[in-house]
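Undergrad: Take a look at the letters that make up each chain.
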Amino acid sequence: MYLDANIPEGPLEEKWINYRSKMNLVAPNNKRRINIIVVGSGLAGASAAATLGELGYNVKCFTFHDSARRAHSIAAQGGINAAKNYQNDGDSVYRLFYDTIKGGDYRSREANVYRLAEVSTEIIDQCVAQGVPFAREYGGLLANRSFGGVQVSRTFYARGQTGQQLLLGAYQALARQTSLGTVQMYPRHEMLDLVVIDGKARGIIARNLLTGALERHAAHCVVMATGGYGNVYYLSTNAMGCNVTAAWRAVKRGALMANPCYVQIHPTCIPVSGDYQSKLTLMSESLRNDGRVWVPKKKEDVEAIRNGQLKPTQLSEEDRDYFLERRYPAFGNLVPRDVASRASKAMCDEGHGVNISGLAVYLDFADAIKRYGQSEAGSRGISSPDEDTIMRLGEGVIEKRYGNLFEMYEKITGEDPYKTPMKIYPAIHYTMGGLWVDYNLETNIPGLFALGECNFSDHGANRLGASALMQGLADGYFIIPYTIGQFLSGEIRTPAIDPDLSEFKEAERDTRTRLERLMNVNGSQSVESFHRRLGLTMWDFCGMSRSAEGLTNAKEVVRSLRDEFWNDVYVPGKSDQFNPELEKAARVADFMELGEMMIEDAKHREESCGGHFREEYQTGEGEALRNDDDFAYVAAWQWLDGKDSILHKEALHFDNVELKTRSYK
Amino acid sequence: MHMKLTLKIWRQEDKDSKGKFESYEVKINEHMSFLEMLDVLNQELIELKKDPVAFEHDCREGICGACGLVINGRPHGPLQGTTTCQLHMRHFKDGQTVWIEPYRAKAFPVIKDLVVDRSSFDRIVQAGGFISVGTGQAPDGNTIPIESDVVEKSMDAAACIGCGSCVAACPNGAAMLFTAAKVSHLGLLPQGKIEHHGRVATMVRQMDKEGFGNCSNIYACEAECPKEISVDTIAYLNRSYFGSTFMSDLSP
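Protein chains in written order, with this note's numbering: chain A, 8 to 672; chain B, -15 to 236.
Calculated directly from the structure, the hints in this document are not laboratory data.
Do not rely on the hints blindly, as some may be mistaken.
Ranges between beta-carbon positions, derived for each pair [stated by the list, open to error]:
#	chain 1	residue 1	chain 2	residue 2	range
1	B	K(-12)	A	G410	34 to 42 Å
2	A	G261	B	M(-15)	31 to 39 Å
3	A	D505	B	S7	49 to 57 Å
4	B	K34	A	L508	35 to 43 Å
Being a predicted model, the structure only gives us computed values, none of them experimental.
C-beta atoms are modelled at their ideal positions from N, C-alpha and C, and glycine is treated no differently.
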């Protein structure tokens, strides 16, 4: 299959502007007759549904949550990037583009990333106008902070709740369109199949989660904004409900999955504390602005700390190894996520981990508290302040910046991070891979679009902090409203699609059969137990570090686990009622197939890049070793039931940046 | 440390059925979160091929607002400023009996067991909880400077997670704190001022229509709000509402 990314001609910085100006349009009178289904109501879905509604299309928006406001975008903490250059520190659209391409380890499309950087500035304007309470300086202007992998300050934030505030902005825009009747909301509805008619996406089968009824919904096209698949690992920072099912159903109908092995492991999460654990909690990357990452140098200190005989605060400076500052002096604690995660893992693998399981490093704010305390004392005119005053003032500054995160940490661990360093460890956080899309954000199935984390397009093999919110809103507010016209302008003569067509009935029948099959296994093991086992295998062999041998083994394990699942799972209740266990079972069944495809992708990519680290391909210093000659392409996989997936390649061309070894030293 | 607890959980088949408390014994570990304890119980029930307890949850880090149980009579349990998912078992005692109920309010019908329907909140927001700005209409973000204190106050109100504990805590089942938080978040910002009075009127009208009770200044909502939203927002709403009644075409 030839994959045409449909990238417009012309110089990089003119592609989007020129394309936008010459794009096919749909006249207002025709928009009223065109129906669009949007699946998902997070940042990408809500912003898309609201904007398409504003344009005059008839939109139906589906979410499995009880309200659009609960989508997991709500949990994003740190911020959103934009090339505003308000800080006058040398930022520009080009620099944001360059940082993102480099941060992604040269595995993303230049044209898409440049467009993302270009529209980033409009997002901030839009959100401010909607009433997003971004942090402000004393003069009343917008404040910024720094995030990993960059040397400018371009991250806009609303305390540690930026995702919440941006989502509420999009949710309110959606609520406005709902009240105007342009968008019809379908909460507590889950997409369980895609309906393709004559090669075009024309609708979905959705399950009403309250009644269990299957519904057929038809439209001229389908927009998916259903998030990432990090929960394939069972333990992740994703919400419990995050799943791949909608996207995977599209894959089963012929959509390609691109770079599924590119997953992001976030360095600063609260470590696992027991085998009952249901999820992991992120501590925002913004904390690395002020926190210093370290482990004890000496093994005997490690032992003493683990036994509780020594406190980390008692350890002298020379006995601490600030390993990120040591290894990467140019970026220090603010190296990108993949680099920081691997470095922490390496220290723990060498036996320097600081909790009982040996899987934790320190994130320490003592220096920052002292530094801020001194400067605060100075600004208040307190001459020669004592230690207590300095600490108190310093803690006040830290509280203002990260108060809610510190509180969250204390609630979970029972330890006070103002007094003792946080313990952190990497965890699965985000998936760069996703449905393959072209420049229009259209998948290989005409009329099927994918936005936000659900697609693969902008982050390459590693996403920079504060860029997920940027991409979700860029796709939803400023890209899809234009590019969808390229498809829909050819559909103005297509009458409303009939949901009684045979394709709809067949898809509904397939879905019903699948759900009944799950109910009828009537085995002895819970859905949860299978999910846990799948997650462990994926984490051990397709997680932070991968090898050909481990992946080969893991593929067999996942296949046999899948067989076991379909022969021995037990789902309580009935399919025609509210049944959260059945919802979960259908999602885990899809994760089992996706897992195999991820393993396949990780195995075929014989190089290390970004979040994908193959043990066989590393430098003498343990850094990722890319192979641009053989692997500078997008790996788009086609799923075939019962067979190995087929690989299709889209070559990546770099005309504007030079491919270099990524260095943060 | 391991603990043994007796749980008295409200079980209700659906909206129209009569519910009742059922008793369960669980052996757990003090580091678990409250919802992880319910996970453990549900795994045991599933192993016995019994119906697991339905409860709503998603992010499990205190921000999505999906979870919300009345624990020993208090929405989100005994800790101040904490959602159910952030509550850990170390705050309970070995051998304790814990009563777990759904949020009870006329405007929050029970769906099953501990899951309730809070879609009335969405309809209150749809009635005017927004700023009418279409995509692409915005001026540069720094065009209107906003005092940082004002933004902070707006943010305090905007932190509402829409969990409904204010309603569950209120003896009248009022949604004043929820509505007032949205009115304050938007009304305090210059961008939200233009529609402020209309917004107050239409949101309050919808709130009444949904069957929420009246506010009689009991302040239980503030005490139980996991995001510690202040009742000052209610005073702000009331002042604005009073103002809006003088605008004839908007009078409620």
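Undergrad: Hint by hint, which ones does this structure get wrong, listed from lowest number up?
TA: The structure conflicts with hint 2 only, although it agrees with all the remaining ones.
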